[in-house]
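So the sequences go chain by chain: D and S.
According to this note's numbering, numbering within the first sequence proceeds without interruption in unit steps and concludes at 307.
According to this note's numbering, numbering within the second sequence proceeds without interruption in unit steps and concludes at 614.
Please note that the accuracy of each hint is not assured.
[Said to hold, decoys possible] In silico DSS-like cross-links for lysine-lysine, where the CA-CA straight-line distance does not exceed 27 Å: (1) D/Lys299 - D/Lys224; (2) S/Lys591 - D/Lys31; (3) S/Lys540 - D/Lys97; (4) S/Lys382 - D/Lys75; (5) D/Lys257 - S/Lys606; (6) S/Lys542 - D/Lys233; (7) D/Lys97 - S/Lys542; (8) S/Lys320 - S/Lys535; (9) D/Lys97 - S/Lys404; (10) D/Lys175 - S/Lys376; (11) D/Lys235 - D/Lys284; (12) D/Lys235 - S/Lys404; (13) S/Lys482 - D/Lys175; (14) S/Lys540 - D/Lys31; (15) S/Lys404 - S/Lys591; (16) S/Lys382 - D/Lys175; (17) S/Lys540 - D/Lys233; (18) S/Lys564 - D/Lys175; (19) S/Lys482 - D/Lys257; (20) S/Lys606 - D/Lys233; (21) S/Lys482 - D/Lys67; (22) S/Lys564 - D/Lys257; (23) S/Lys338 - D/Lys284; (24) D/Lys284 - S/Lys404; (25) S/Lys338 - S/Lys535; (26) S/Lys482 - D/Lys75; (27) D/Lys208 - D/Lys224; (28) S/Lys540 - D/Lys235.
[Stated by the list, open to error] Just so you have them, the derived chain D footprint on chain S, three or more residues with Cβ under 8 Å: (29) 354-366; (30) 553-567.
These aren't lab readings, by the way, just hints derived from the structure by calculation.
Cβ atoms here follow ideal geometry from the backbone N, Cα and C, with glycine treated the same way.
2 protein chains.
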Amino acid sequence: MLIIKEQVAEAYKQIQDEICLGLEAADGSGKFIEEGWVREGGGGGRTRILQNGSVIEKGGVNFSEVKGKLPEAIKMAFGVNNDDFYATGLSLVIHPKHPFVPIIHMNIRYFEMPAIDAHTEPVRWFGGGIDLTPHYIIPEDCRYFHNQLKTVCDAFKIDFYPKFKIWADDYFYIKHRQETRGIGGIFFDRLTPISSGISWDKILEFSKAIGRSFLPIYTSLIHKNTHKAFTEKHKEWQHQRRSRYVEFNLVYDAGTKFGLETNGRIESILMSLPPQANWHYDFKAEPDSEEEKTLALLKKGVNWIGI
Amino acid sequence: MLIIKEQVAEAYKQIQDEICLGLEAADGSGKFIEEGWVREGGGGGRTRILQNGSVIEKGGVNFSEVKGKLPEAIKMAFGVNNDDFYATGLSLVIHPKHPFVPIIHMNIRYFEMPAIDAHTEPVRWFGGGIDLTPHYIIPEDCRYFHNQLKTVCDAFKIDFYPKFKIWADDYFYIKHRQETRGIGGIFFDRLTPISSGISWDKILEFSKAIGRSFLPIYTSLIHKNTHKAFTEKHKEWQHQRRSRYVEFNLVYDAGTKFGLETNGRIESILMSLPPQANWHYDFKAEPDSEEEKTLALLKKGVNWIGI
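So here's chain D without its partners, still in its complex pose:
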């Protein structure tokens, strides 16, 4: 079966609804505010933001479905010679209040370009991923997180988790700091039956499974950590870690760059930026501190399941 793009969009919207309801329940007091928007050139989306909740300081869960003509620079980057494109996706970033609750990011997306003539196939692929950025690395949480992702992946194909874990390590890397953004997770792009070895049907199911894995994983991490006591020092460190998140998103993140270059809706794109971030000159973590232990683990190739 080939993919029907409207069905992908419908599935993503439904997952957006499930996630927002689930996060409001986990938060206890915060409510999402929705803003619908229309894109000049085609399509639009629904941005949902929760600010100043009990657990979530700032979080966005955004659905979009955009179509139109691709800018020249993006065509070159994608290696396609067609103008028309269609893209739908669900993207979320949560910045929690509590410094022991991690930042999380999840994205599922589908991209399509029609065939240019009767002799060619349409271009289409799925992409996405889910990754965690703890302010403080708690090994038990890392094991849990990566194990959950491995379970989701293994149900579809046994090489997905190891391949997509390496991909996440490489992607979420802050080159100028020589550190990873967090503990990674999984990242994949241009998934097709040829590149993945599973059918279009299965790829769509995989995409939905990733989307639906977010809520139980993150609510577990909230409940496990949100009652812990913390100090001003922990908050200060949280604000510093968030500044690295800003550096990654503005300097390297492909989704952010794509959005800024294609004249996307700025406030929806930059909802990923934290409510507060601090930059101190040349901060050095104290030897043997929790902060130093966290920094030492922000590198590629860590076996989080075995940690």
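Based on the hints, put chain S in the right spot on chain D.
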């Protein structure tokens, strides 16, 4: 007379000394901490940072003198086909505590590449500028600032101020927000006798004059505003304006990009980032508020001297 690069570097170092002494006096309690650094590949610098002063929350006044081989991407961008380069510069950014004292940035720099053979000339030019980012636009301060810059420019060439003012408007522009970073100032690059119409001697004097204009201008702006009362609302707005400063520097600033790509000293490059920046989703200034008036003026082509 041709430029002797060591003399440029010496002049810039002396201006760094003057500025740091002057800023410490204006601050009253803060002291600069110096860190010398050596660049792999050639050269180094002296980074001077003042944090948590009475007036200056975070400020950096950095001298650097780097040499070596130019990366391929930079060669292409510069349109030069020589490997060896020499660059010296003085760069400063001050983030004040007080929301009515503006953020300021100043840079003077000299770039040189030796002749590739006996038939060619060495490539050399000066660049730089000075620009202001008020959290709240105070027309009287804008008039004063631009008038001072015009006076410095006019002493060298009558078309400098109008040309370099437009250049600053174009350069310090946050495209995705469709707003200028602040009220601009002057910006210039690749200044040579041919491009400027004045001799190398005069260009060097102009570069030094820009460097020396900073201290009297900024101390005036400090003394004029630092006694004013302010509220939490003003501080919150300051943190939001700083987040735009982060967006400009990480997404567009050529100096930052050059530094990240040439493997520069990260903490010296990113000293320009503010101690605290806040991002709130889709913040709207209240109608007729001071915040809204400021936003309305963040555009190109404002005649600040006549405002």
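To see whether the hints hold, each was checked on the structure:
Taking the CA atoms of D/Lys299 and D/Lys224, the gap is about 25 Å. The hint holds against a cut of 27 Å. At most 27 Å may separate the alpha-carbon atoms for a hinted pair to count; S/Lys591 and D/Lys31 meet this at roughly 19 Å. With a CA separation close to 21 Å, the supplied pair S/Lys540 and D/Lys97 stays within the 27 Å bound. Taking the CA atoms of S/Lys382 and D/Lys75, the gap is near 25 Å; set against the 27 Å cutoff, the hint holds.
Between D/Lys257 and S/Lys606 the alpha-carbon distance is near 23 Å, which keeps this suggested pair within the 27 Å criterion. A hinted pair counts as satisfied when its Cα atoms are at most 27 Å apart, and S/Lys542 with D/Lys233 qualifies at roughly 22 Å. Between the alpha carbons of D/Lys97 and S/Lys542 the distance comes to roughly 21 Å, so the proposed pair stays at or under 27 Å and holds. At roughly 34 Å between alpha-carbon atoms, S/Lys320 and S/Lys535 are farther apart than 27 Å, so this suggested pair is violated.
Straight-line distance between C-alpha atoms of D/Lys97 and S/Lys404 comes to about 25 Å, which keeps the hinted pair within the 27 Å bound. Only pairs whose Cα atoms come within 27 Å are accepted, and D/Lys175 paired with S/Lys376 is accepted, the gap being roughly 21 Å. Between D/Lys235 and D/Lys284 the alpha-carbon distance is near 16 Å, which keeps this suggested pair within the 27 Å criterion. Distance hint between D/Lys235 and S/Lys404 is fulfilled; the C-alpha atoms sit about 21 Å from each other, no more than 27 Å.
Pair hint S/Lys482 plus D/Lys175 holds up; C-alpha atoms about 25 Å apart against a cutoff of 27 Å. Annotation: proposed proximity of S/Lys540 to D/Lys31 holds, straight-line Cα distance about 24 Å (limit 27 Å). Taking the CA atoms of S/Lys404 and S/Lys591, the gap is about 23 Å. The hint holds against a cut of 27 Å. Of the supplied pair hints, the one linking S/Lys382 and D/Lys175 holds, its CA atoms being roughly 21 Å apart against a limit of 27 Å.
With a CA separation close to 25 Å, the supplied pair S/Lys540 and D/Lys233 stays within the 27 Å bound. This hinted pair checks out: S/Lys564 and D/Lys175 have alpha carbons roughly 12 Å apart, not beyond 27 Å. For the hint linking S/Lys482 to D/Lys257, the alpha-carbon distance of about 12 Å falls within 27 Å, and the restraint holds. Our distance criterion of 27 Å between C-alpha atoms is broken by S/Lys606 and D/Lys233, whose separation comes to about 40 Å.
Among the hinted pairs, S/Lys482 with D/Lys67 is consistent with the structure: their alpha-carbon atoms are about 22 Å apart, no more than 27 Å. A threshold of 27 Å between alpha carbons decides the hint, and for S/Lys564 with D/Lys257 the separation of about 15 Å falls inside it, so the pair holds. Of the supplied pair hints, the one linking S/Lys338 and D/Lys284 holds, its CA atoms being roughly 19 Å apart against a limit of 27 Å. Pair hint D/Lys284 plus S/Lys404 holds up; C-alpha atoms about 23 Å apart against a cutoff of 27 Å.
Between the alpha carbons of S/Lys338 and S/Lys535 the distance comes to roughly 24 Å, so the proposed pair stays at or under 27 Å and holds. About 21 Å separates the Cα atoms of S/Lys482 and D/Lys75, which keeps this hinted pair within 27 Å; it holds. With a CA separation close to 25 Å, the supplied pair D/Lys208 and D/Lys224 stays within the 27 Å bound. A threshold of 27 Å between alpha carbons decides the hint, and for S/Lys540 with D/Lys235 the separation of about 22 Å falls inside it, so the pair holds.
Using a Cβ-Cβ cut-off of 8 Å, 3 residues of the region 354-366 of chain S lie near chain D, which meets the minimum of three, so the contact claim holds. For a cut-off of 8 Å, the count of residues in the region 553-567 of chain S with a CB near a CB of chain D stands at 5, and the three-residue condition holds.
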